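Protein chains: 2
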Amino acid sequence: MGWPADMLSGNRNLGLRMTDASSTRPQLKIRRINLDTGRENVVVMSRRSKALRPEVFRGFSRVGLRRDAKVLLATLLITDDGLVAPDELGLAEPAFRRFAEPAGSAVTVSPAPPPDSLDAVRAKIHGRALSAAEITAIVDDISHYRYSDMEIAAFLVGSASFMSSEELLALTQAMAEAGTMLKWDRPIVVDKHCIGGIPGNRTSMIVVPIVAAHGLMIPKTSSRAITSPAGTADTMEVLARVDLGVDEMKEVVTACHGCLVWGGHVNLSPADDILISVERPLFLDTREQMVASIMSKKLAAGSTHLLLDLPVGPAAKLASAMEAMRLRKLFEFVGDHFGIAVEVVTTDGRQPVGYGIGPVLEAQDVMAVLANDPAAAHDLREKSLRLAAHLLEYDPDLRGGSGYARAKQLLDSGAALKQMEKIIDAQGPSNARTELGPMTADIEAPHDGVVTAIDCLRLNRLARTAGAPIDKGAGIRVFKKIGDSVEQGEPLYRIHAFDVSEFDLAMAAIRIKSGYVVDGAAGHGKSV
Amino acid sequence: MGWPADMLSGNRNLGLRMTDASSTRPQLKIRRINLDTGRENVVVMSRRSKALRPEVFRGFSRVGLRRDAKVLLATLLITDDGLVAPDELGLAEPAFRRFAEPAGSAVTVSPAPPPDSLDAVRAKIHGRALSAAEITAIVDDISHYRYSDMEIAAFLVGSASFMSSEELLALTQAMAEAGTMLKWDRPIVVDKHCIGGIPGNRTSMIVVPIVAAHGLMIPKTSSRAITSPAGTADTMEVLARVDLGVDEMKEVVTACHGCLVWGGHVNLSPADDILISVERPLFLDTREQMVASIMSKKLAAGSTHLLLDLPVGPAAKLASAMEAMRLRKLFEFVGDHFGIAVEVVTTDGRQPVGYGIGPVLEAQDVMAVLANDPAAAHDLREKSLRLAAHLLEYDPDLRGGSGYARAKQLLDSGAALKQMEKIIDAQGPSNARTELGPMTADIEAPHDGVVTAIDCLRLNRLARTAGAPIDKGAGIRVFKKIGDSVEQGEPLYRIHAFDVSEFDLAMAAIRIKSGYVVDGAAGHGKSV
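Just so you know, the sequences run in chain order A and B. Per our numbering, the very first residue in the first sequence carries number 1; after that it's consecutive. Per our numbering, the very first residue in the second sequence carries number 1001; after that it's consecutive.
Everything labelled a hint here was simulated from the structure, so no lab data went into it. These numbers were taken from a predicted model, which means no experiment stands behind them. Since no wrong hints were added, every one of them can be taken at face value.
Distance windows between CB atoms, simulated: (1) B:Ala1129 / A:Ala100: 47 to 53 Å; (2) A:Asp116 / B:Val1071: 36 to 42 Å; (3) A:Glu490 / B:Asn1034: 55 to 61 Å; (4) B:Ala1375 / A:Asp116: 41 to 47 Å; (5) A:Thr452 / B:Asp1336: 50 to 56 Å; (6) A:Ser164 / B:Lys1029: 50 to 56 Å.
To be clear about the criterion: a stretch of chain B counts as covered by chain A if any three or more of its residues have a C-beta under 8 Å from a C-beta of chain A, and this derived list gives those stretches: (7) 1035 to 1049; (8) 1122 to 1134; (9) 1145 to 1152; (10) 1158 to 1172; (11) 1275 to 1282.
Note that beta-carbon positions come from the ideal geometry of N, C-alpha and C, so glycine has one too.
My request is simple: use the sequences and hints to build the entire structure.
Encoded structure:
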């Protein structure tokens, strides 16, 4: 029902002929501004700009940059002084990199309307289930940096109250397809994933070399820490380079059957990384968003068989077996739809796994297990063997029930260690600092007794406060676990830090709540 | 259940004694950065800063600035070059203004945890009703710029699905008390408010001088346009200064019984302005948020009697009398609680009121009515008289039913015009441009027929696209209204603009949809 063109009075009353209009639109020369603005595209314009009347724009409004067919949406900041000249447009680093045009190139700028897909976000906020096409449009806009932070937050919060099964599938698929889709020329490509929350739980770095030593393909991509003191990528980076591109990753996997790389550089499900960067500061964490996030990465990674580790414990992400069961169903539902064989194991999430919390401390734990060091963490070794056993049994040539024995054989014989060294060599050296934080303090038992509870969430926060994962050598070394008897003054754990202010903050936090419960002998009571 | 201090091993293992820690925290000198970042507090730090290891910080992370007891939360940008020296911290204009310390002052910077009240926002997202104390803490943090955009969006979207009556009252009160609370020494302080959506509906500028000429106190504060092409403050600014402070406003009201000022400078319910700045780009618009927004302003303005204008029409904010009824109940509920006598009138919201859409065009309409110009818009005059009649009857000395006659007398006699001139003089001259946009185009009827519908939303958008309210002389002059017969080629309305690109955009939009429905004579059909 468009208005016929002949309804317009043409140019009769026009102060300027319309055909002249677009050709007279002034242009600005782009200038690189050395400003790291994180995920956001930010541009800077002079208030005295001759190209556009800047009174049209307010700080933090959204604008579109155009050069030929190339368009970039960005957030606008306005300056009065010499930061940019009136005929220039400053592009902060991320915007400059994404626009990918040389400094001095001419661009036009115009106010950018919000992406059309925001209509669907508003519909979601008002309770309507979205179609696959609507979800695909939202994910496409998000992965192309067309959403502002507040728009992403609106989508996440609007979806947090309810997401239908169809919406979950559509979201998973759209997120996977928005980035690299890896293909492998093998019928079985295995993967493992832990939903996180348990300090020190660095099993992938033991499971991958075992499984790869057996000859199964396990191209593992991992995340960096989001809310924890170390992700597998952060810990692996203590030993080897992890920021491999797709081709480099493929070379490593071809040579070693497996790898341990950071997913961020491979561009698997990039929208997921953007969503997480908003979920994190808002502490949003819903089951559907977790499943879509993980399964989109696995779908994009080309996995055929996925083992999921769901730790259950009072301070873990899952507090009960019932919750774990419901989450398992959701993972299986999505796995079935996309043809990924999903196996779920629930594990003990009551306390840290291993002794170290923080990248360097965890890497020490991992290498001790692989080297069959008698002092290695027994729980980390056993859990890794159990998970590897499940994965090995995906090999059709392995007898049912023999996975554990095979895993143990590969570990005890040194084959797994040798495979890990091969993977480390193939990925190349990292330039991460590997020394432990020199500022330390031991947290001691207040009285004789038995450790009856450890607050995983608390230890994670303390290790982060002490500087992990940014300071790889910061974190916590755990001395006592649940069931251990302790004497008054005996160290429960040790804090490591590099930075005085972070050390202070961690110590202040420990004074409020250490994360340990020690039940005393008769008359001593209980301490936390 | 704090961990006893004696559980810490003291300084035995510390690389640095803890008592030294805070005194060694390095300081940065603040430097003013000429960057308009809108509402957000933004600071810039060098990646080579000696004060803090910048690897701890990422772009767009939140930091706290401290100088003695003064604290400011801000979003951090990082630079590699000479924008700020390593021992400096750049403060963008809004942050510099709010921190209010001279350039060169020493400050410390630390990573800022999210405000505690965000826990309540997360509870709200997960469906819990909030206590008054929780809502007060949220509003306090928002009005002190402690929330990022995405955190504000999370609160708004989380509240959009459900808000209890108690939450609504608590939100209204907390928002009112977060800013200036005006007090007047009169028992009756009247106010009027329209929920908006109808182009050209500038009745306040006629109602205020009528009511003030009668001697009732009507200290009117208005908003600038949010999504419309003109707010009352924008239109009044064509005639007089509107950015008066509290004391100036009180002087005008004492001298004239009334005023027409912008609420923004008086700092009434400042959290509301911040919430609106996030609601607007997200197009969030719930009943509860609307009522809390309006009633918090009226509560803060010290109004005792409030007349609410609720336009109903297919493209108005309220599409049916039923919707208007439900909204009325909500306004009355909140008014009763706070002792404000609320009266609600539903009005015709099917089409624009008056002829002008945009500040200058609307100001011309208003002055024509006040001057009893025979060519003045009849609908604007009648609606204003009707609203003024309701307000005048709050005067205990006026007989019931005589309000309309009194209003008409004050208008026809020129007393209202005289009062308006007095208010304009008292508020002082504005330096706004008052000429009409010189680029014009007439939109003509495509065939003979009768105008049967006008899309208010569409005309609002077209007038905004043409440059209103930023260009005060941009907008639309309406020639034909619903029920008018038109001949083919006869102008329906005229677009005014100053800027070629905006003129282009408006014309392109008109070609898609003009906003008018003309039902043709037999055989001509219908056009929109």
